[in-house]
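Chains as they are written, first to last, in the working numbering: chain B, 1 to 278; chain A, 1 to 322; chain X, 1 to 314.
Don't take each hint at face value.
[What the hints assert, rightly or not] Capping the alpha-carbon separation at 20 angstroms, the derived lysine to any residue pairs in SDA-like fashion look like this:
#1 X:Lys7 with B:Leu113
#2 B:Lys108 with X:Ala21
#3 X:Lys160 with B:Ala31
#4 X:Lys170 with X:Ser221
#5 A:Lys34 with A:Gln23
#6 B:Lys108 with X:Pro96
#7 A:Lys128 with X:Ser221
#8 B:Lys221 with X:Gly40
#9 A:Lys34 with A:Lys198
[What the hints assert, rightly or not] Coverage of chain A stretches by chain X, computed from C-beta distances (three or more under 8 angstroms per stretch; other residues unrestricted):
#10 78–90
#11 107–116
Quick caveat, the hints were computed from the structure, so don't treat them as lab data. Using N, Cα and C, we set each Cβ at its ideal position, and we do this for glycine too.
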Amino acid sequence: MIAILRRVIKEPTGLFGLLLVTLIVVSALLAGVVAPYDPIALNIPDRLQSPSQAHLLGTDQLGRDLFSRVLHGGRVALGVALTAIGVALAVGIVLGMLAGFGPRWLDKAILLLFDTIRSFPTVMFALATVALVGPSLQTVIAVIIVTTIPTYGRVVRTQTLSIKSNEFIKAEQVMGAKTTRILGLHILPNIVGPLMILASMDIPTVIALEAGLSFLGMGVKPPTPSWGSILNDGFSLIRVTPWPIIAGSVPLILITLGFTYLGESLRDFIDPKLRKSF
Amino acid sequence: MTEPLLTIRNLSVDYRIDTGRLQALRQINIDVPKGSIVGVVGESGCGKSTLISSIIRLLPHNASVSNGTIEFEGANLLDLSENEMRTMRGTRISIVFQDPMTSLNPVLSIEQQMTHIQYRDQRSTSDKLNKSLAMLESVGIADPRKRITQYPHEYSGGMLQRISIAMALQAQPSLLIADEPTTALDATLEVQIIHLLKDIQAEFGCSILFISHHLGVIAELCDYVVVMYAGEVVEQGTVRDVFHNPAHPYTQKLLECDPAGIQTKTRILPVIPGEIPDLVNLSGGCIFSSRCHCVLPDCETHIPQRREVTSGHSANCHLLSA
Amino acid sequence: MLLYIVKRTALGVVIVLLAVALLFCMIHLIPGDPARIILGPRATPELIAAMSVRLGLDLPFPVQIARFFANLLRGDLGMDVITNRPVVEIVLGQLPYTLWLIFLSIVFAGLIGIPLGCYSALHRNTLFDRISGFVSVSFITTPSFVVALYALLIFAVALKWFPAVGAGDKGDLLDQAVHLVLPVFSIGLAWVGYLARLVRASMLEVMQESHIRTARAFGLSERRVIYHYALKLAILPTVSVIGVGMGFLLSSALLTEIVFARPGIGKLIYDSVITRNYPVVMGSVLVSTILFVFSTTMSDLINAWLDPRTRKTL
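Taking the hints into account, I'd like the entire structure generated from these sequences.
Now the structure itself:
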């Protein structure tokens with residue numbers, strides 16, 4: 001682990017990514033302590049202020065401190081990303097292994113299911129779901145889970161198939177090893193590496209998706225702060241003040257940039273071959 | 001020896017690598033007489049490819065010629081401008097590469113590729129097509145009119161190598177460089193390609209610089225042979241002289257190791273013990289001294305100079321002056 | 001080749017049918033009565049019952065799905081519950097706006113991204129290459145709606161160079177073009193970076209291949225080697241990337257259409273979600289899904305045709 005870290009920070013882009021990610025993760029974790037104001041406390045007399053000593057990023061139309069809202073918004077972004085990717089990974093691993101190790105018809109059926117899910121444009125699929133069950137963070141997470149499962153499932157399936165054809169797995173099978181034993185003992189450890197890289201490179205996409213949906217008012221409910229909802233406020237105030245847009249977008253850009261660079265340097269370090277496959 | 005077509009003098013080429021300056025070629029002297037076939041033989045890594053790349057001046061970016069001249073038809077190729085050199089390529093000097101399956105563009109048809117390389121000619125497209133067809137015919141492609149519209153992947157390796165040769169000869173160059181043209185092919189095809197090259201040399205009268213690590217092929221095809229080891233020429237002369245009377249210990253070992261030349265039944269194939277030396281940190285002595293079976297005191301300290309064994313047959317070895 | 005076309009198209013059709021079925025099941029399996037959702041919380045039970053009959057929700061599930069597919073085959077996606085016009089008509093009326101937006105964004109991205117990637121590959125590890133690499137990654141990672149917000153803020157609100165809302169006058173082509181500039185820029189920017197990186201990577205790979213050395217050894221000009229021999233190969237992957245990227249393009253078109261208040265299928269979906277105009281949401285999601293599947297299918301076919309190695313064997 002330390003060796004990987006050392007290798008990552010040797011590259012300027014890797015170091016840059018790690019710094020950005022650390023900065024935003026730490027500030028999101030410490031949001032409760034660091035934030036100078038309550039992110040949802042109204043303060044109408046102080047509304048629409050430009051940045052100042054008192055309000056580092058200014059205030060919004062309800063006088064809420066934007067800096068505090070941005071810090072708390074980071075919690076939402078990271079929380080959604082980690083939950084959604086975690087669940088999607090777990091389901092993707094199971095389905096991918098089933099497809100890779102199971103009978104041919106099951107493999108075909110799962111692949112077809114993956115292809116079908118992938119055929120929906122994500123944001124439109126999310127809107128259709130929201131139309132049915134109403135906007136909420138849970139809906140956003142559920143949509144992200146459903147739409148990212150196929151990505152992981154496909155990778156797991158391909159890796160499972162390639163490992164399955166190895167001689168040592170065949171030998172174990174001949175000796176009567178249980179399928180679950182083979183999957184857990186040999187295949188799982190072999191696919192964890194590539195999956196982790198894939199997942200870390202997906203975090204920015206998921207964060208951007210959550211922000212986009214919250215921007216459309218399909219994600220978090222007001223007054224909960226999210227970068228997307230801050231941007232939505234900024235959008236309606238665009239002719240009045242640029243600050244909410246700047247406040248909501250800068251952390252969003254920084255964290256996606258950070259995770260992308262971190263993911264790329266991890267990938268180059270762990271498996272240069274993966275460069276081509278995605 | 002007849003009038004020389006290509007004369008390489010004191011050619012040295014370096015690669016800049018992480019650990020320093022890799023001296024890939026050192027003080028190379030080679031003559032290719034007009035109308036002759038000269039074979040260059042040596043293990044992989046001895047500098048054969050660097051030699052070719054230096055002649056056609058397509059060295060990798062981290063390589064540079066540090067010394068020497070390459071005289072071709074009265075001009076030093078190393079002095080030519082990039083444009084002048086480009087005119088040389090494909091017209092006066094052509095090359096046939098090692099692996100025909102990858103040396104032709106996969107997304108262009110043979111016709112397109114053969115037409116493109118005639119871009120200098122002012123003739124009409126149909127004239128160019130006819131020229132291409134005639135060339136294909138002369139290298140033994142049956143039904144060229146139908147096959148010329150096909151793409152490389154639709155041909156077999158042997159056929160592609162014939163096409164490569166046809167392309168190389170299209171502009172009637174005076175020098176054809178063949179870079180291990182048969183290594184990627186199987187043995188029967190190898191014989192066919194060798195015969196094709198021999199016929200073509202007789203027909204077009206060009207010189208051929210033939211690179212190979214296969215001694216049998218060299219003996220079959222070439223008039224002269226140059227033996228290279230670790231970036232130096234260690235011996236050269238007529239095929240008869242070098243093969244029957246090798247003067248350099250490396251050449252002697254190489255000939256002993258050729259499976260075709262082994263007369264007695266054996267379980268163990270002979271090898272030359274040791275490894276190719278590090279070309280970044282040279283010792284200052286004879287490059288072969290670490291693997292040689294008859295080392296003299298001078299070998300460790302002085303680089304041997306080129307000495308004549310008989311007229312036209314020379315080797316770089318201290319044994320000759322001892 | 002013919003067999004491949006048939007097979008690939010069949011797969012596309014199957015996926016569309018499955019997607020439709022999935023969408024349909026989702027509507028009916030998720031708790032909540034669509035009629036109630038459409039009419040809102042204050043609707044009386046009588047109104048809800050009437051709406052259920054109108055939407056055919058009172059019929060048994062298998063009958064509903066059969067009827068749905070039968071209607072779909074006739075090109076009938078149901079009726080807009082608010083304006084009472086056929087959904088197909090409404091969706092197809094909005095589709096051209098989105099298609100133009102996406103098409104022009106890709107053209108813009110290709111015109112800048114491909115030369116940029118090509119140039120970077122040929123001048124590898126120079127300052128230009130490093131800057132272009134950093135800029136490309138920044139473009140890729142910035143969400144399109146954030147670009148759209150900044151474009152709106154800077155070029156429409158502050159500088160007033162371009163109009164902020166709408167698609168321009170119907171008859172006035174120039175006006176429409178002016179209205180397209182910022183949205184196209186917003187969607188295309190990420191793709192500029194994406195295509196630049198993709199072309200750079202594949203160009204570097206192709207330039208290493210030995211047929212490039214052959215072309216040079218025949219004295220072909222560097223221009224011809226690069227544009228005719230290398231780029232032709234290096235550009236192949238972009239076709240499939242654009243095909244698969246259609247999903248992202250549709251998603252960013254939706255967000256961009258909302259930021260610039262442009263008509264289009266994305267804005268249609270959004271507005272319908274807000275007004276709970278259920279049949280229109282389903283109809284437009286369906287049409288965009290079909291569009292996405294169509295474009296991935298086409299890109300596979302085009303790719304197979306562009307590459308002579310697959311053109312004849314498939």
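Results for each hint:
Proximity of X:Lys7 to B:Leu113 is assessed by CA-CA distance (about 18 angstroms); at most 20 angstroms being required, the pair is judged to hold. Using a Cα cut-off of 20 angstroms, the hinted pair B:Lys108 and X:Ala21 holds, with the two alpha carbons roughly 18 angstroms apart. A C-alpha spacing of about 38 angstroms is found between X:Lys160 and B:Ala31, which places the hinted pair above 20 angstroms, so the restraint is violated. Between X:Lys170 and X:Ser221 the CA atoms are separated by roughly 48 angstroms; this puts the pair beyond 20 angstroms, and the hint is violated.
Taking the CA atoms of A:Lys34 and A:Gln23, the gap is about 30 angstroms. The hint is violated against a cut of 20 angstroms. This hinted pair does not check out: B:Lys108 and X:Pro96 have alpha carbons roughly 36 angstroms apart, beyond 20 angstroms. Our distance criterion of 20 angstroms between C-alpha atoms is met by A:Lys128 and X:Ser221, whose separation comes to about 18 angstroms. A hinted pair counts as satisfied when its Cα atoms are at most 20 angstroms apart, and B:Lys221 with X:Gly40 qualifies at roughly 18 angstroms.
Of the pairs offered as hints, the one joining A:Lys34 and A:Lys198 holds, with about 15 angstroms between alpha carbons and a cut-off of 20 angstroms not exceeded. Remark: the stretch 78–90 of chain A is confirmed as covered by chain X, as 5 of its residues place a Cβ nearer than 8 angstroms to a Cβ of that chain, reaching the required three. Judged by the Cβ-Cβ criterion of 8 angstroms, the stretch 107–116 of chain A is covered by chain X as claimed, because 4 of its residues qualify and three suffice.
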